[in-house]
Amino acid sequence: AQSVTQLDSQVPVFEEAPVELRCNYSSSVSVYLFWYVQYPNQGLQLLLKYLSGSTLVKGINGFEAEFNKSQTSFHLRKPSVHISDTAEYFCAVIPNGAGSYQLTFGKGTKLSVIP
Amino acid sequence: NAGVTQTPKFQVLKTGQSMTLQCAQDMNHEYMSWYRQDPGMGLRLIHYSVGAGITDQGEVPNGYNVSRSTTEDFPLRLLSAAPSQTSVYFCASSYSNWGKGTEAFFGQGTRLTVV
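As given, the protein sequences belong to chains Z and V, one line each in that order. Per my numbering, the very first residue in the first sequence carries number 71; after that it's consecutive. Per my numbering, the very first residue in the second sequence carries number 9; after that it's consecutive.
It cannot be assumed that every hint is accurate.
[Unchecked claim] From chain V, some residues computed to sit far from chain Z (all C-beta separations above 10 Å):
hint	residue
1	K22
2	G24
3	T28
4	A32
5	G50
6	S75
7	E80
8	P91
9	S92
10	E111
11	T121
[Unchecked claim] With the C-beta cut set under 10 Å, the calculated list includes, among others, these residues of chain Z facing chain V:
hint	residue
12	Q108
13	Q112
14	S122
15	T125
16	F137
17	S140
18	Q141
19	G178
[What the hints assert, rightly or not] Derived lysine-lysine pairs resembling DSS-like cross-links, with alpha carbons at most 27 Å apart:
hint	chain 1	residue 1	chain 2	residue 2
20	Z	K177	Z	K139
21	Z	K128	Z	K139
22	V	K17	Z	K180
23	Z	K119	Z	K139
24	Z	K180	Z	K119
25	Z	K177	V	K17
Don't read these hints as lab results, they were simulated from the structure. Quick caveat: nothing in here was measured; it's all calculated off a predicted structure. We treat Cβ as the ideally placed atom computed from N, Cα and C, and that holds for glycine.
Next comes chain Z alone, as it looks inside the complex:
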């Protein structure tokens, strides 16, 4: 089984400051990793994903994440946040392979950008 731990439930940050949202996972098999964003009263939208290759993954809206296999982490970063980045962010994992159907989500991190 897989598990995902998002280390911070809430992260307040001032506008134009950098931010890092932390995600650690546990799995006995190789996994794919995802970050999703949920804006208020909306569904989830894919920010970025790591499947293989370069451990630094770039996504939409200036976000990037780094996969660290030895530390089983997949932290999300943005060098300068905007008010519009205020949202809840979810880290998710799934075992790679054709028979994998359950995406396991973390509990979410609420990012609040302060003007």
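We have chain Z already, so just place chain V on it with the hints.
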């Protein structure tokens, strides 16, 4: 394209009532799923389908039924609503299963309150 459409957006039920949450997608996706989102719990998989006529249980299936008679539709039925089913429900679809790293597309959610 409309993407993934969920109806209704809001619903209040009395304990013991039944209802169906509708989900439709127009992207010809084979894989569809239902998640519930509860505060501090992230998203948990209720049921999923890998194609018309094929469904299976996820992490929290009790109290819910699904069927998949067409590729486009994947309704979720609450047989006898309970206050514990108060939640936000999300339908998601993807071209193939997420174990291949495919992006999931989410609906806007149905906010259900059981009193």
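Outcome of the hint check:
no. : hint              : result
1   : K22               : 25 Å, holds
2   : G24               : 28 Å, holds
3   : T28               : 19 Å, holds
4   : A32               : 14 Å, holds
5   : G50               : 4 Å, violated
6   : S75               : 17 Å, holds
7   : E80               : 18 Å, holds
8   : P91               : 22 Å, holds
9   : S92               : 18 Å, holds
10  : E111              : 5 Å, violated
11  : T121              : 15 Å, holds
12  : Q108              : 8 Å, holds
13  : Q112              : 6 Å, holds
14  : S122              : 9 Å, holds
15  : T125              : 15 Å, violated
16  : F137              : 13 Å, violated
17  : S140              : 22 Å, violated
18  : Q141              : 21 Å, violated
19  : G178              : 6 Å, holds
20  : Z:K177 <-> Z:K139 : 21 Å, holds
21  : Z:K128 <-> Z:K139 : 17 Å, holds
22  : V:K17 <-> Z:K180  : 23 Å, holds
23  : Z:K119 <-> Z:K139 : 15 Å, holds
24  : Z:K180 <-> Z:K119 : 19 Å, holds
25  : Z:K177 <-> V:K17  : 23 Å, holds
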